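Just so you know, we're using my numbering here: the sequence shown kicks off at 1 and counts up by one.
Read the hints as simulated data drawn from the structure, not as lab findings. The structure presented is a predicted model; accordingly, all values stated were derived computationally and were not measured. A virtual CB, placed ideally from N, CA and C, is assigned to each residue, including glycine. Check before you lean on any hint, since a few could be wrong.
Said to hold, decoys possible - So the derived label-pair ranges between C-beta atoms look like this:
{"#": "1", "residue 1": "A100", "residue 2": "T152", "range": "51 to 57 Å"}
{"#": "2", "residue 1": "D158", "residue 2": "E219", "range": "19 to 25 Å"}
{"#": "3", "residue 1": "G167", "residue 2": "Y127", "range": "49 to 55 Å"}
{"#": "4", "residue 1": "L140", "residue 2": "G224", "range": "38 to 44 Å"}
{"#": "5", "residue 1": "E151", "residue 2": "G224", "range": "40 to 46 Å"}
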Amino acid sequence: MKKAYLFMALFLALATPAFAQEPEPDDEKTEKNAITFINPDRGGAFYLLLGTSSPDVDSLNQRLETAGYSKLSQNFTTVGFGGHAILDKWVVGGEIQGLAEKSSATSTYRTRVNGGYLLVNVGYTVYEKPSLRVFPQAGLGFGTLNLSINETSSPTFDQTLADPKRGAALVNSSMLLNLGIAADGIIAPPESGKGGFWVFGFRAGYLFTIYQDGWRNIEGASSGGPSAGFTGPYLQVVLGGGFYN
Numbered sequence: 001m002k003k004a005y006l007f008m009a010l011f012l013a014l015a016t017p018a019f020a021q022e023p024e025p026d027d028e029k030t031e032k033n034a035i036t037f038i039n040p041d042r043g044g045a046f047y048l049l050l051g052t053s054s055p056d057v058d059s060l061n062q063r064l065e066t067a068g069y070s071k072l073s074q075n076f077t078t079v080g081f082g083g084h085a086i087l088d089k090w091v092v093g094g095e096i097q098g099l100a101e102k103s104s105a106t107s108t109y110r111t112r113v114n115g116g117y118l119l120v121n122v123g124y125t126v127y128e129k130p131s132l133r134v135f136p137q138a139g140l141g142f143g144t145l146n147l148s149i150n151e152t153s154s155p156t157f158d159q160t161l162a163d164p165k166r167g168a169a170l171v172n173s174s175m176l177l178n179l180g181i182a183a184d185g186i187i188a189p190p191e192s193g194k195g196g197f198w199v200f201g202f203r204a205g206y207l208f209t210i211y212q213d214g215w216r217n218i219e220g221a222s223s224g225g226p227s228a229g230f231t232g233p234y235l236q237v238v239l240g241g242g243f244y245n
């Protein structure tokens with residue numbers, strides 16, 4: 001939890017100067033817009049996100065280990081896509097992320113966990129150069145973690161019909177808060193006029209699980225389940241393209 005507080009303090013420290021900047025003289029602003037190709041008044045970008053995330057599965061691992069199952073890794077590879085619109089200094093967008101499946105096994109059972117989440121983010125530019133835009137961002141979203149437990153042996157079709165409860169599948173849904181920092185750069189931009197560009201950048205931040213709906217199976221709610229959510233740090237690489245006016 002100390003890491004979460006430290007990240008929130010860093011986020012506020014970076015975001016505050018953006019709202020304290022003095023207005024630029026008209027002539028200086030005109031000159032700045034004339035040389036800026038990544039910071040248009042209006043534009044947008046679409047991109048692929050590749051990275052890593054560390055959800056909070058400590059309580060889940062304790063319950064799995066107590067029940068005789070093997071523990072799961074806490075580091076997940078993430079793959080997703082997103083986009084944003086540039087409205088002066090504001091950056092408004094969204095993203096969809098998927099967590100690559102993690103599995104562990106004992107001699108009799110295999111445990112698998114995967115999931116995904118969707119975020120809507122709003123950012124404000126605090127640093128800009130002709131080929132760079134840096135902005136802290138905050139967002140809200142929704143995510144699900146999926147847990148499945150199955151026998152390591154593969155039953156035949158007739159065995160499955162005779163005993164359909166040879167495994168279990170559970171889903172835990174939650175609401176998320178995102179606090180992060182984004183940096184976007186340009187690769188081989190056009191020199192002037194309207195056009196497109198390649199985007200290469202980074203995202204780093206911390207996800208907070210602000211509400212959990214609890215575990216559910218195919219028959220309904222599974223009461224008494226452990227806490228498990230997306231709370232934890234993340235780091236992502238951004239690759240994509242964009243356009244500007």
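How the hints compare with the structure:
1. Checking the proposed 51 to 57 Å range against A100 and T152 shows it is violated: the Cβ atoms sit about 21 Å from each other.
2. The given range of 19 to 25 Å is respected by D158 and E219, whose C-beta atoms sit roughly 24 Å from each other.
3. The hint said 49 to 55 Å for the Cβ distance between G167 and Y127, and at roughly 51 Å that hint holds.
4. Judged by the Cβ atoms, the range 38 to 44 Å given for L140 and G224 is violated: they are separated by roughly 28 Å.
5. A C-beta distance of roughly 24 Å is found between E151 and G224, which places it outside the suggested range of 40 to 46 Å.
Checked against the numbered hints given earlier, this structure breaks hints 1, 4, 5; the rest are met.
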